Each structure stands twice: as structure tokens, then as C-alpha cells.
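Student: The primary structure of each chain is shown beneath.
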Amino acid sequence: MSQAEVRMGEQATGVMEGSPFAIPSKKLVMWLFIISDSVTFGALLYGYGYLRHASPDWPHYFRFSPSIINVMVMSFVLITSSLTMLIGVQAAKSGDKSKAIRWAFITVAGGLLFAVLHIREWTGLIKEGLRPSGNPWGSSLFGAAFFGITGMHLLHVLIGVVAITVVTLRYQRGRYNSDDLEVWGLYWHFVDLVWMFVVPLVYLLNVAR
Amino acid sequence: MNPAEKQSGGLVTYLVIYAFILAIAGLQVVLAYSASGLQQFVVMMFFAVLQAALAVTFFMHMRTERRSLFLMLIPAVIFVLLMMNMIWSDSFRISRGAPFTH
Chain D
9 MSQAEVRMGE QATGVMEGSP FAIPSKKLVM WLFIISDSVT FGALLYGYGY
59 LRHASPDWPH YFRFSPSIIN VMVMSFVLIT SSLTMLIGVQ AAKSGDKSKA
109 IRWAFITVAG GLLFAVLHIR EWTGLIKEGL RPSGNPWGSS LFGAAFFGIT
159 GMHLLHVLIG VVAITVVTLR YQRGRYNSDD LEVWGLYWHF VDLVWMFVVP
209 LVYLLNVAR
Chain P
1130 MNPAEKQSGG LVTYLVIYAF ILAIAGLQVV LAYSASGLQQ FVVMMFFAVL
1180 QAALAVTFFM HMRTERRSLF LMLIPAVIFV LLMMNMIWSD SFRISRGAPF
1230 TH
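First to last, the protein sequences are chains D and P.
Reminder that position 137 of the first sequence reads as 145 in our numbering, one-by-one numbering, no gaps.
Reminder that position 23 of the second sequence reads as 1152 in our numbering, one-by-one numbering, no gaps.
Excised from the complex, chain D in its bound form (with noise of 0.2 angstroms):
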């Protein structure tokens, strides 16, 4: 066997080594993601936590209406847009194209119609006079942790919004297949999990009484 014959078959057994953990290469990177981005979002909210502690004057400032209901229905929606994007890849795998489509293209509407109840949420409590600087109930740091957290968490759904679209329309046109699908099915219900904490912490501890 000549030398370059060894090296070829060296080359091949690199190209053929078997996927990690079973799963396709780019699902592991979308894990490897999801555990980095969710440390990001720990120590946001870390930060939140440690300013929220130091700070004796904390405005406990979200009433039941509008803010506490609008959260609700938000949950409710990104919840629920988890769910018709597992029913999505679930129809991918199945091989129902049509039906995949559909329920991404669902999934998709679910994460505009959040989008939207949050910027309304936002410029709401802009009008009363929230600021990132300053605000008229107590510690001038509410401001920037609220919009700092709730505004990573929309900046997330907003770019899950473009990467289903995008990745559907590929599947669509048969570029992209299920596997594709899936992986950013994993990204959504990532910033679902991380809506599950935010809630809690950001509004929940601070109802107004």
C-alpha cells in the first residue's frame, strides 16, 4: 500500500467517524447554543436579583390590570407556539410537508402576536414614565434591568421569528429538511424556557399590592 493510498484511507476514517451523542452535528451545536445562551440569561438575571436586593426603594409597581393579565396571555402564547412547533416537526418527521409548513408558519404567527403584546406592554409603561435612566416609583435601576432582561428575551423571539420563517421557506423549496426544522424547534422552546423564568422574577415578585 503506497503512502498516499495510508493517507486517503486516514482522510476517510476522519470523514466517516460517527456523529457525536447520535444526533447530527448541527443539533449540537444548537445545544452548545442553548447552554451558553442560558448562562448569558442566568447572570442577567443574577444581576437582576443582586440589584433588586440592594435596592431598598424596588418598585413593586406591576398592578393585575393591564400588566399581570398581559402576561399571562403572553405566556399563554409563547407557550402554546412551543406547541404547534413540536406538532410542526413532528409532521416533518412524519414526512407531511404541507402540515409541517403549516404549523411552523403557526409557530411563527405566535411569536409576532408576543412581539407585538410586548412592545404595547413596553410603550405603556414608557408613557407612565419608565425609563433604562429613571422612573417616577423608587430605584432609577428597575428601568434598565426591565428593559435590559425583557428586551434580550424579545431580541430572542424576534430572531426565532426570522430563523423559523427562513428555515421553513427553505424546507419548503426542499433545501432544508426536517433535521433543520427540529434544531430550531430546540432554539424555540429555548426562549419558552427562559420566558418561564423571567416572569417570576421580573413581574411576579413585583405585583403591586
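Since the hints were derived computationally from the structure, they do not count as laboratory data.
Selected chain D positions facing chain P (Cβ under 10 angstroms, derived; list incomplete):
#, residue
1, W39
2, L40
3, I43
4, S46
5, L53
6, Y54
7, H61
8, S83
9, D200
10, L201
11, F205
12, L209
The structure presented is a predicted model; accordingly, all values stated were derived computationally and were not measured.
Ideal Cβ placement from N, Cα and C applies to all residues, glycine included.
Position chain P against the provided structure of chain D, taking the given hints into account.
Tutor: Frame of chain D, contents of chain P only:
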């Protein structure tokens, strides 16, 4: 059972977990008005972690992935998040003058 159902347990499982997560979200709102202080915080965080665990296990299919994937990802992130708890002594210092004073 098709591959998607084999991976997840099927639509019925999804619906049950979805309903459970929504119910917990409702309970958290009740808790926001019926409890206060450290007890409220601890129970609320317990519910949030429970919701997250359900989402990771069933919606993100960790239940059907290889255990090695779980072991590589989840304990490390929990360790890092728990280590962040060391900031609290400093926040006590700011609000009360010295760490852990009352």
C-alpha cells in the same frame, strides 16, 4: 408508531405536558398574590425549575437522547448557575453594611 412519535411519545404526551406547564404558570400568578417573602420566592422558583425541566425533558426531547448528551450539557450549566449564587453576600453588604448582617 412513526419515528417522530417514537422520539417524543406522541401528541398526547405533548398536550399533557403543555397543560401541566400552563397550570403551573397559573399557580404562579395565584402565588404572587397569596404569599410573600422568602417562601413566595422559593416556591415560585421551584415551579419555574419544574416548568423548565418538563420543557427540556419532553419538548426538547432530552428524555430520548443519549444519556451522555445529558451528562455533558446539563450538570455543567447547573454548576455554573449555582456558582453565581456567590454574588449574594455582596448584595447583603450593600443593603446592610456587612455580609449576612441583619
